[in-house]
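Engineer: The chain contents come next:
Number of protein chains: 2
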Amino acid sequence: MPEQRIRLDINNVLRAGAQHGLTEDELTGAEKQARQAVQAIQQRRASGDLRWMELPYADVSEIEHMAADLRHRFDDFVVLGIGGSALGNIAVNTALNGPFYNLRRERTTPRLFVLDNSDPEFNVGLLDVVDPARTAFNVITKSGSTGETLSAFLFFRERVIQAVGPENWRDHFVLTTDPASGPLRELVRREGFRSLPVPQGVGGRYSVLSPVGLLSAAVTGVDIRQLLAGAAYADELTRQADPWRNPAAVGALVQVLLYRKGIHIVVMMPYAQRLKDVADWFAQLWAESLGKRVNRQGETVYVGPTPVKALGATDQHSQVQLYTEGPFDKLVDFIRVERFAVEGRLPQAYTEMSAFAYLGGHSFAELINAEQEGTAVALTEAGRPHMTHVLPEINAFTLGQLLYLLEVQTAIAGELFDIDAFDQPGVEAGKVATYALLGRAGYEGRRAEIARAREQHDEHWVI
Amino acid sequence: MPEQRIRLDINNVLRAGAQHGLTEDELTGAEKQARQAVQAIQQRRASGDLRWMELPYADVSEIEHMAADLRHRFDDFVVLGIGGSALGNIAVNTALNGPFYNLRRERTTPRLFVLDNSDPEFNVGLLDVVDPARTAFNVITKSGSTGETLSAFLFFRERVIQAVGPENWRDHFVLTTDPASGPLRELVRREGFRSLPVPQGVGGRYSVLSPVGLLSAAVTGVDIRQLLAGAAYADELTRQADPWRNPAAVGALVQVLLYRKGIHIVVMMPYAQRLKDVADWFAQLWAESLGKRVNRQGETVYVGPTPVKALGATDQHSQVQLYTEGPFDKLVDFIRVERFAVEGRLPQAYTEMSAFAYLGGHSFAELINAEQEGTAVALTEAGRPHMTHVLPEINAFTLGQLLYLLEVQTAIAGELFDIDAFDQPGVEAGKVATYALLGRAGYEGRRAEIARAREQHDEHWVI
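Going down the list, the sequences are from chains A and B.
Just so we're aligned: the first sequence equals residues 571 to 1033 in the working numbering.
Just so we're aligned: the second sequence equals residues 571 to 1033 in the working numbering.
These are computed hints drawn from the structure, not numbers from a lab.
Be aware that one or more of the hints could be misleading.
Just so you know, same-sequence chains aren't split out, so a pair can sit in one copy or run between any two.
Below, computed lysine to aspartate or glutamate pairings styled on EDC-like, alpha-carbon distance capped at 16 Å [what the hints assert, rightly or not]:
| no. | residue 1 | residue 2 |
| --- | --- | --- |
| 1 | Lys602 | Asp812 |
| 2 | Lys602 | Asp988 |
| 3 | Lys602 | Glu761 |
| 4 | Lys831 | Glu596 |
| 5 | Lys1001 | Glu936 |
| 6 | Lys1001 | Glu951 |
| 7 | Lys1001 | Glu943 |
Work out the full structure, taking the sequences as your base and the hints as a guide.
Structural biologist: Next up, the structure:
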């Protein structure tokens, strides 16, 4: 097997200079912080905390068995989930099945749809595409009570009942939820739905390598054992206390040190169409884990880097102008793929015209990688810090490695920021307001408050 | 016809307080600036500059004629373009044809693919989906020399020749490029390709309402006259010198005033799956227009707000934690849709469980709008500024209105920042470096420089 290890190149963080990048002294001076953060994470893990770190070693035979059955019985597979119950599924599918999976003429596994929004046209529109009688639904919510997901469940449940009758409709559903508690687990007990557990202690945004992400992957033919093998390999790399051998530690350290210098935005920019949705998955992981009002001492800190998703080469024609000339507030994290599955050789034609002559004979693979390097050179010359995650190729092993590596990087960054990277208290207020607006019992007081706030609304400021 | 006017609600910019929002005095005190900026734009327009502002009044009969012909002769329509030659096409298609357009069982118009990346698997992968013999390609590049686009042209040109032979292959291509100059225009003259013009003086990111965006829209059945009628309506709204009647002026003013207070990020967050890609289109418009190293006096300013694309309700479970608890560096620009084309009524079931009981009887439309309001309430309570563009519904008229409104907002913001909102000098360096790396004639010196820079690369900092 050729080299499968992901490497992190931070040369250009050092070249951006002392003001907008890091010096070698700053980096090496922070070695102890990084070492302690890695050790703190591993100690929490050893004490039984951070259960997501053990996911690479889980037994997946039940998932594979269920997937094989679903694959044979259904044409289409629909995930009903949102946030951490959707982003990993989408990222894995785009990366390993490719951007055209659902449209390919030759395909022996079910199409995959991830309905991660309570938009009416999105949900109703799916009925123009799939036949409920030939479709399986995977309802994923750890708590078992996520409003968007239960709404979709109610909606498609009725459609399946209409399509196949009141006897067999439950066979079309797999409920992935807390192993012991919550409304969906209660339904599993009462009505005998098939189910999978979201293992206890595994939060939504750290759940891609659990049954949350693995069932849809297995149904669509992904080798989930290789995905976990890659994650286990990343575990070896990222448990090393020596930060200079640990890409998660260095990735976290660079970003936290730059944050302290006012570089508050990280742009994740893969140069590979297949990794587009990994950037989206990462945006949740980074934003929700590190964006916090208080630190672990309860002090108000309002901390948190803002992740921005970009895609190379596409966004060279959209965002790179800002990245090279705008404020010095960004670190770009490139993802570069060394070997693509196909090269896409470009034929020679119109070689008498200089705009065409230099292209013929090259391949799309050479072109996109030259564009990545060209953009990197331009950023360096503009004094902008950037680093690069280099993937030897995109496959289940390297993807599992990348996902786990970025999860550990996030946990280490949480240690360095001294915040809780595993909660999300800031989403509660909006949820409660939504319950109140929908008239949920017990939220009447909140509803009255919102009504009073509405009264302050001034039409003068509506233009 | 029910009310079709888009309104901009800035109440919650004022409620965020003097430090992180704006006071009424600050806003009203800037009235003169806003008025002057609107007038400056309209004066430049009157002098023959800013030709994109006249696009709503163009004759589109040639485009409609060509679209009708293409629609009948081909199964699939592929845009080869990048940046401004792709983002508008994608935004219009998702908004008006819906997220499942290519997969719908009932569809009388060709599928649409926009290949906006030089990724090998993306380009080669399309051949698993479309039959080149039944596919039309629209090659879009204003300069006629964009490397990514010409590469894709070379690649698919050969595939079409292989599929239909050396006689008829040119019928499969429409070249949209500068009306007078450039390599593609030369090919049109030499080889008789069908073509459309990118009108002179219309830059890529302001070209969605030109033939760049209109041909693919018309091919897929969009009423492009309504799109332009909406844009013309927005022109009426946004040419008003009184800023308090001009949503583009207020949108620009709020953002520039907040930028001066350190709020450097704008999150565009539509609560509608169909508008997801409008946020992406806006991200180019805003970033590339306003991210500038120098102002119009040539002084170094390194200015530019960073646009972030989000999607409601989805990203409540991904980004809202950061928006409510992280640093005070963001303005959220919601887009809210008053009436959806379908409601998606939720049936009653499991009403004995409180997690289900409050949902039954509501609709997805009610749910997503309650979520938008719930998130808005939470942001207000957390002291975060936000504003809302309210669309009565999503149709060609309101979409054209929104696109034009945001373009004018960008131009006004450029005036307020005192920068050139219509150039993109910062993308040149990366392009030149790419040419050098690919061995383009004339770039040998640059190639040698890059080779020397590579030699400084230190393997020690690759982890």
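Engineer: Would you mind marking each hint as holding or not holding in the structure?
Structural biologist: Against the structure, the hints come out as follows:
no., hint, verdict
1, Lys602 x Asp812, "within (9 Å within a copy, 59 Å between copies)"
2, Lys602 x Asp988, "within (15 Å within a copy, 46 Å between copies)"
3, Lys602 x Glu761, "neither (54 Å within a copy, 67 Å between copies)"
4, Lys831 x Glu596, "within (12 Å within a copy, 30 Å between copies)"
5, Lys1001 x Glu936, "between (47 Å within a copy, 14 Å between copies)"
6, Lys1001 x Glu951, "between (46 Å within a copy, 13 Å between copies)"
7, Lys1001 x Glu943, "between (44 Å within a copy, 10 Å between copies)"
Hint 3 from the list above is the single one not met by this structure.
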